[in-house]
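Those protein sequences? They're chains A and B, same order as listed.
Numbering-wise (the working numbering), the first sequence opens with residue 294 and increments by one.
Numbering-wise (the working numbering), the second sequence opens with residue 135 and increments by one.
Do not rely on the hints blindly, as some may be mistaken.
[Claimed, not checked] Among chain A residues calculated to face chain B with C-beta under 10 Å, some are:
#1 Asn311
#2 Ser325
#3 Asp330
#4 Met338
#5 Ala339
#6 Thr343
#7 Phe345
#8 Ile347
#9 Ile354
#10 Ile355
#11 Asp356
#12 Ser368
Simulated from the structure, these hints should not be mistaken for laboratory data.
These figures come from a predicted structure and were not determined experimentally.
Note that beta-carbon positions come from the ideal geometry of N, C-alpha and C, so glycine has one too.
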Amino acid sequence: MTMTNKQRYDKVFMDALNLQPQDLNDDLIYNSVAAWDSVGHMSMMAALETEFDIMMETDDIIDFSSYPKGMEILSKYEIQF
Amino acid sequence: MNFFDDMERFGQAIAFIAEDGESLTYESTAVAADSFGARLSRRGLVFILANNSIASVIGYIGCLRSRAPVALLASNIHSDLLPNLLSAYRPNYIWLPRARACQVSNATELFALGDYVLLATSAGLLQAHDDLALLMTTSGSTGSAKFVRLSYDNVSANATSIAEYLEICGGDKAITTLPMHYVFGLSVINSHLQSGAGIILTNASLMEKRFWEQLKVHGATTISGVPYTYELLKRLRWDRMNLPSLRVLTQAGGKLNSALVHEYASVCKDKGMRFYVMYGAAEATARMSYLPPRLALEKPQSIGVAIPGGEFWIEDETGNVITRSDEVGELFYRGANVFLGYAEKREDLALGDERKGVLQTGDLARRDADGAYYIVGRKSRFIKLFGNRVNLEEIEQLIRNNGIDCACSGDDQMLRIYITSPALQNDVISVAQRLTQLHHSAFRAFVIDRIPRNEAGKIIYAELP
Chain A
294 MTMTNKQRYD
304 KVFMDALNLQ
314 PQDLNDDLIY
324 NSVAAWDSVG
334 HMSMMAALET
344 EFDIMMETDD
354 IIDFSSYPKG
364 MEILSKYEIQ
374 F
Chain B
135 MNFFDDMERF
145 GQAIAFIAED
155 GESLTYESTA
165 VAADSFGARL
175 SRRGLVFILA
185 NNSIASVIGY
195 IGCLRSRAPV
205 ALLASNIHSD
215 LLPNLLSAYR
225 PNYIWLPRAR
235 ACQVSNATEL
245 FALGDYVLLA
255 TSAGLLQAHD
265 DLALLMTTSG
275 STGSAKFVRL
285 SYDNVSANAT
295 SIAEYLEICG
305 GDKAITTLPM
315 HYVFGLSVIN
325 SHLQSGAGII
335 LTNASLMEKR
345 FWEQLKVHGA
355 TTISGVPYTY
365 ELLKRLRWDR
375 MNLPSLRVLT
385 QAGGKLNSAL
395 VHEYASVCKD
405 KGMRFYVMYG
415 AAEATARMSY
425 LPPRLALEKP
435 QSIGVAIPGG
445 EFWIEDETGN
455 VITRSDEVGE
465 LFYRGANVFL
475 GYAEKREDLA
485 LGDERKGVLQ
495 TGDLARRDAD
505 GAYYIVGRKS
515 RFIKLFGNRV
525 NLEEIEQLIR
535 NNGIDCACSG
545 DDQMLRIYIT
555 SPALQNDVIS
565 VAQRLTQLHH
575 SAFRAFVIDR
585 IPRNEAGKII
595 YAELP
């Protein structure tokens, strides 16, 4: 069974930041969990680019400040949630 | 005069711009720092839990100007680690974010600025050496009670040298990318204050939009970073970002691989920017060398030359100075920025200058025919077995790769291998024999309860039996 974009997005978050499904909510922002520091951010961006086969703009990488914001940004790359 | 006592000379020039946009002139920084200093008793020891904020820098400069010895720690230092440091040094004052004040018991609040409060403890009078200005951690890590002791002259001398070779001028504005409790981060602040330049204070990382907004709004001219910073900048494709104010990039805090040095040097050259590779240590206040930008393309592996006022030389294993080029030996440095010595507890703060301006770096280096220096490795512990040079560090690593935790020591007669499992006593000898191709009689295995290590996980060889 193929995963939805939302499921793929969530999986990247959980893998990159070592989180559980219940951790994924609107309060999840940059630096709100220890793993989401600059190192975690960069590896998550790389993982998202691989997962969705996209190349993100610099402005989008530094604007990617929260779990909900990330979905908004990815929609610019024609990834629908 | 030095940059901290003589801030008034830059008068109305902007010294600091905070995250909220608040700015502070040199004159008002001096006034605020002195009103902080006025709260302190003579030579009282101050701990600052610092971040890149106006309150932190005011406290730091206030301590320097009022001659109160000060230790800079991370504002987010783990609450488990703080008590050790407090009991080892018993500071008289702690300047920290109000949110953390409850973690210090038996202290009274004296003063507040922004979200920082100054607490006075019940610690007694400090017997500190007159020269002692600043205590910094060696690794940037937060747990160790080991500090380098730096003098007023150390801090001033290094700031002067750095300002000179980076050609920092009044119109420059550095943006902070490193915490100020880290020697590199602090040296950026000090060297810019030396020249009457501006410092844009931020705790945001390069991965945050607000960092780039601050950089653009305030027109930062200078970014300083560790190798990781430069990997991030590359990943962000910084060369395609619109950053017209940026003129200088400086790199220190470890070796940046030479391919990246070359790439940055080349892009900077095209953009009319300067890119500096630098080398240093907390034991040298911060900086010991820099690679002049014009040499970065030609010698991307080099740490360059000693900073103004400093001097390098290389010694062989017997302590003789190596004068031939390209011969490897241990790198030594002499300069007014060499620290006074280490401290591990309050009583050590009474100690004077134990180093006399000379630092044995522990790094292996060579100098090329043009006088540029290269770090080729860390000084290792060598012994000679049957005339064969054996690197103890390397043997240890190779044995560990075979799944056996160990520590190696020895002399030219015997290599001693310390392990914790009696069952492996014979195995480890045959592993060592196989790895070195030397006769097994050169090795002895000793079983001990545990391998002595410090908090950083480094083996303490002096504690081996």
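Hint check results:
1. A distance limit of 10 Å between C-beta atoms decides the matter here; for Asn311 of chain A the minimum to chain B is near 18 Å, and the interface restraint is violated.
2. Hint status for Ser325 of chain A relative to chain B: violated, with the closest Cβ pair at about 13 Å, above 10 Å.
3. Taken as an interface hint, Asp330 of chain A checks out: its beta carbon lies about 7 Å from the nearest beta carbon of chain B, inside 10 Å.
4. At its closest, the beta carbon of Met338 of chain A sits 8 Å from a beta carbon of chain B; the interface hint therefore holds under the 10 Å criterion.
5. For Ala339 of chain A, the interface hint holds, the least distance from its beta-carbon to any beta-carbon of chain B being 8 Å, beneath 10 Å.
6. Using the Cβ-Cβ criterion of 10 Å, the hint placing Thr343 of chain A at the interface with chain B is not satisfied: the shortest such distance is roughly 14 Å.
7. For the restraint placing Phe345 of chain A at the interface with chain B, the shortest Cβ-Cβ distance is roughly 17 Å, beyond the 10 Å limit, so the hint is violated.
8. Here the hint on Ile347 of chain A is broken, as its CB sits about 15 Å from the closest CB of chain B, past 10 Å.
9. The interface hint given for Ile354 of chain A is met, as the beta carbon of that residue sits about 6 Å from the closest beta carbon of chain B, less than 10 Å.
10. Because the smallest distance between the Cβ of Ile355 of chain A and any Cβ of chain B comes to about 5 Å, under 10 Å, the interface hint for this residue holds.
11. With 10 Å as the threshold, the beta carbon of Asp356 of chain A comes within range of chain B, its nearest partner Cβ sitting at about 5 Å, so the hint holds.
12. With 10 Å as the threshold, the beta carbon of Ser368 of chain A stays out of range of chain B, its nearest partner Cβ sitting at about 18 Å, so the hint is violated.
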